Amino acid sequence: MLTEEKMKGGKGADTALQPSDLERALYLMKRARALDERVLSLQRQGKVIGTYAPFSGQEAAQIGAVMAMESNDWLFPTYRDGAALTAFGYPLSYLFAFPTGVDARWKRPEKLHLWPPAISIASHLPHAVGFAMAAQFRHDPLVVLAFCGDGATSEGDFHEALNLAGLFHAPVVLVIENNGYAISLPRSRQTASATLAQKAEAYGFPGVQVDGHDLLAVYTVVRRAVERARQGEGPTLIKPEVSLCPHTTADDPTKYRSKEELEAERKKDPLPRLTQYLREQGAWDDTKEQQATDRIVEELHRAEREAVKLAEADPRVIFDNVYAHPPKTFLAQRNAFLRELREGGAPS
Amino acid sequence: MATTAKSRMLTGSKAMVEAIDQEMERDPRVFVMGEDVGKYGGIFGSTTGLFEKYGPTRILDTPISETAFIGAAIGAAMEGMRPIVELMFVDFFGVCMDQIYNQMAKIHYMSGGHVKVPLVLMTAVGGGYNDAAQHSQTLYATFAHLPGMKVVAPTFPDDLKGMMIAAIREDNPVILMFHKGLQGLGWMDQLDASIGEVPQEPYTVPLGRSRIVREGNDVTIVGIQMMTVHAMKAAEQLKEAGIDAEVIDLRSLVPLDRETILRSVAKTHRLLVVDEDYQSYGMSAEIAATVAEAGLYDLEAPIRRLAIPDVPIPYSDPLENFVLPNAEKIAEAAKALVNM
Numbered sequence: 030m031l032t033e034e035k036m037k038g039g040k041g042a043d044t045a046l047q048p049s050d051l052e053r054a055l056y057l058m059k060r061a062r063a064l065d066e067r068v069l070s071l072q073r074q075g076k077v078i079g080t081y082a083p084f085s086g087q088e089a090a091q092i093g094a095v096m097a098m099e100s101n102d103w104l105f106p107t108y109r110d111g112a113a114l115t116a117f118g119y120p121l122s123y124l125f126a127f128p129t130g131v132d133a134r135w136k137r138p139e140k141l142h143l144w145p146p147a148i149s150i151a152s153h154l155p156h157a158v159g160f161a162m163a164a165q166f167r168h169d170p171l172v173v174l175a176f177c178g179d180g181a182t183s184e185g186d187f188h189e190a191l192n193l194a195g196l197f198h199a200p201v202v203l204v205i206e207n208n209g210y211a212i213s214l215p216r217s218r219q220t221a222s223a224t225l226a227q228k229a230e231a232y233g234f235p236g237v238q239v240d241g242h243d244l245l246a247v248y249t250v251v252r253r254a255v256e257r258a259r260q261g262e263g264p265t266l267i268k269p270e271v272s273l274c275p276h277t278t279a280d281d282p283t284k285y286r287s288k289e290e291l292e293a294e295r296k297k298d299p300l301p302r303l304t305q306y307l308r309e310q311g312a313w314d315d316t317k318e319q320q321a322t323d324r325i326v327e328e329l330h331r332a333e334r335e336a337v338k339l340a341e342a343d344p345r346v347i348f349d350n351v352y353a354h355p356p357k358t359f360l361a362q363r364n365a366f367l368r369e370l371r372e373g374g375a376p377s
Numbered sequence: 044m045a046t047t048a049k050s051r052m053l054t055g056s057k058a059m060v061e062a063i064d065q066e067m068e069r070d071p072r073v074f075v076m077g078e079d080v081g082k083y084g085g086i087f088g089s090t091t092g093l094f095e096k097y098g099p100t101r102i103l104d105t106p107i108s109e110t111a112f113i114g115a116a117i118g119a120a121m122e123g124m125r126p127i128v129e130l131m132f133v134d135f136f137g138v139c140m141d142q143i144y145n146q147m148a149k150i151h152y153m154s155g156g157h158v159k160v161p162l163v164l165m166t167a168v169g170g171g172y173n174d175a176a177q178h179s180q181t182l183y184a185t186f187a188h189l190p191g192m193k194v195v196a197p198t199f200p201d202d203l204k205g206m207m208i209a210a211i212r213e214d215n216p217v218i219l220m221f222h223k224g225l226q227g228l229g230w231m232d233q234l235d236a237s238i239g240e241v242p243q244e245p246y247t248v249p250l251g252r253s254r255i256v257r258e259g260n261d262v263t264i265v266g267i268q269m270m271t272v273h274a275m276k277a278a279e280q281l282k283e284a285g286i287d288a289e290v291i292d293l294r295s296l297v298p299l300d301r302e303t304i305l306r307s308v309a310k311t312h313r314l315l316v317v318d319e320d321y322q323s324y325g326m327s328a329e330i331a332a333t334v335a336e337a338g339l340y341d342l343e344a345p346i347r348r349l350a351i352p353d354v355p356i357p358y359s360d361p362l363e364n365f366v367l368p369n370a371e372k373i374a375e376a377a378k379a380l381v382n383m
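If you read the protein sequences in the order shown, they are chains A and B. Residues 30 to 377, numbered by the working numbering, are exactly what the first sequence covers, in order. Residues 44 to 383, numbered by the working numbering, are exactly what the second sequence covers, in order.
Calculated from the structure, these hints are not laboratory results. The model shown is predicted, which means the values in this text are computed figures rather than measured ones.
Some chain A residues close to chain B (C-beta under 10 Å, calculated; not the full set):
| id | residue |
| --- | --- |
| 1 | Phe127 |
| 2 | Gly185 |
| 3 | Thr220 |
| 4 | Val346 |
Backbone N, C-alpha and C define an ideal beta-carbon position, used for all residues, glycine too.
Make a model of the complete structure from these sequences and hints.
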């Protein structure tokens with residue numbers, strides 16, 4: 030999923046990351062971070078009216094995992110996987126539109142193998158398993174990669190999905206982004222299990238821990254899991270440890286986390302880590318840094334402009350997509366509602 | 044609610060917290076369980092400060108396991124405790140509904156009356172702040188439809204306190220819904236109705252009685268929570284148009300105070316029901332049916348309903364505003380009824 034060539038080739042055997050892949054990865058990480066920061070800055074200016082879930086600190090885990098996928102594979106993300114989405118080809122403009130109050134997040138380009146980002150916790154994991162089982166049934170060699178957070182591991186849907194995946198050898202890779210907190214609840218109060226990875230063991234398949242700040246490490250373990258799934262060897266659970274930003278724009282983490290803890294998290298930042306590695310390899314320098322920055326600024330500007338155009342002001346869309354074939358009573362309700370809006374004057 | 048010298052102005056959330064605090068002081072069997080109810084103080088401020096006072100043995104942060112912690116609260120209630128359990132958003136009921144409607148609500152009946160479940164399930168409801176289709180519902184009717192539990196939804200701070208205390212002392216399981224927009228939270232739109240005079244000492248407000256918040260003779264407007272607030276604003280607009288509206292704040296869905304509605308309709312001869320829930324098969328239909336059954340001949344105009352059309356609640360700001368009833372829409376509908 031990394032470069033155009035790789036997407037076209039889709040060769041499972043060609044798994045080693047080339048220097049150009051890493052440059053691309055670093056660019057995607059920087060772009061994702063810039064987008065996250067831009068949306069938060071818009072929020073401070075009062076331009077974000079919806080709820081937004083930041084992902085800064087989780088770029089290596091998300092992008093590293095997506096890079097390990099092939100073009101035929103499917104992604105089942107959550108609301109916090111913006112970095113994964115942008116690396117997967119999801120339009121940046123949609124990510125800008127959503128926090129400014131446009132339902133664009135639910136749209137997706139037709140050809141993108143993407144499940145709508147799950148808002149409910151762990152609700153998409155049974156879907157991911159069922160999707161993978163259907164592909165298996167049709168002898169389609171695709172693999173499903175699903176993300177969830179550490180808090181999701183306490184939900185019934187998580188456990189029932191894992192049980193099913195193990196039982197049916199579903200070609201699923203489940204990536205638990207362990208950022209250590211479910212809103213205010215620390216991981217230590219979420220479960221008495223020593224690790225989250227060991228939960229997979231109870232359901233009969235491997236669980237792997239990895240440092241989620243290390244893009245190369247994440248890529249390597251996810252790639253192995255994807256190949257394993259494609260060869261019919263069943264699911265893998267992968268738990269990258271990542272850093273945490275606030276739960277959403279409605280959250281204030283200083284209420285339940287100490288300054289020292291937040292500062293220590295910042296030091297693990299995956300971006301300087303990969304930048305330094307590439308510099309040491311001679312694959313990154315000040316010129317490339319400047320070029321990347323310029324290009325990111327331009328891409329984000331364009332996306333923001335496009336996002337404005339996505340705004341929907343036509344109230345008729347409220348009634349769209351509720352039914353494939355709207356019942357008569359529903360259409361009557363729609364017509365009456367729209368008539369009243371016209372007569373009563375549309376609310377501001 | 045009669046005010047006393049010891050009344051002060053409190054927000055909805057502070058009134059709720061005071062109720063829980065006073066009952067926890069009075070009765071060691073009372074405790075709170077839920078997601079982010081500890082240090083965080085509840086994401087809509089329902090338990091702010093209680094963790095600091097009572098510690099982690101009586102204010103229990105739970106994992107994201109609604110079936111487990113609501114089920115556990117039912118077990119604790121059967122054992123003699125009086126749990127208050129928070130379902131963070133009412134929209135999340137889907138992952139734990141068996142524990143709510145088949146267990147919590149029916150165990151007393153299924154045990155031949157041997158087991159009591161004195162449990163308060165408090166939960167945040169309502170939209171109007173761009174939280175999309177899965178975090179903006181009230182689902183009043185979904186819960187009110189099911190036998191075996193009381194379902195109350197106080198609007199104003201004094202009722203939030205009095206009804207919370209009544210719910211805790213009640214031997215039936217009670218679902219107490221609080222409206223996010225009426226909690227008086229800093230990050231929400233500030234509404235005058237979210238702050239009100241609240242007596243300091245503990246008191247109860249009976250579960251199952253509505254409150255006439257504005258008397259009038261020309262039209263009866265029935266609402267609950269945010270719709271009551273909008274109806275009161277609409278009544279002011281109607282006054283300027285020479286229409287004298289009576290506004291009833293239901294406060295309780297189960298039991299439903301049918302008598303107050305029927306008495307009011309007998310006086311005004313016109314009924315408008317406003318609901319922040321889907322229109323079909325909802326509270327508005329239940330009230331319309333009540334009046335059709337027992338007060339039809341009092342009516343001088345057809346019953347009118349304003350509710351969310353049968354569509355998921357939009358995320359987008361202007362689109363959400365289109366579907367939510369508001370003061371202007373209520374005033375328009377009431378005028379049309381009176382001029383019919």
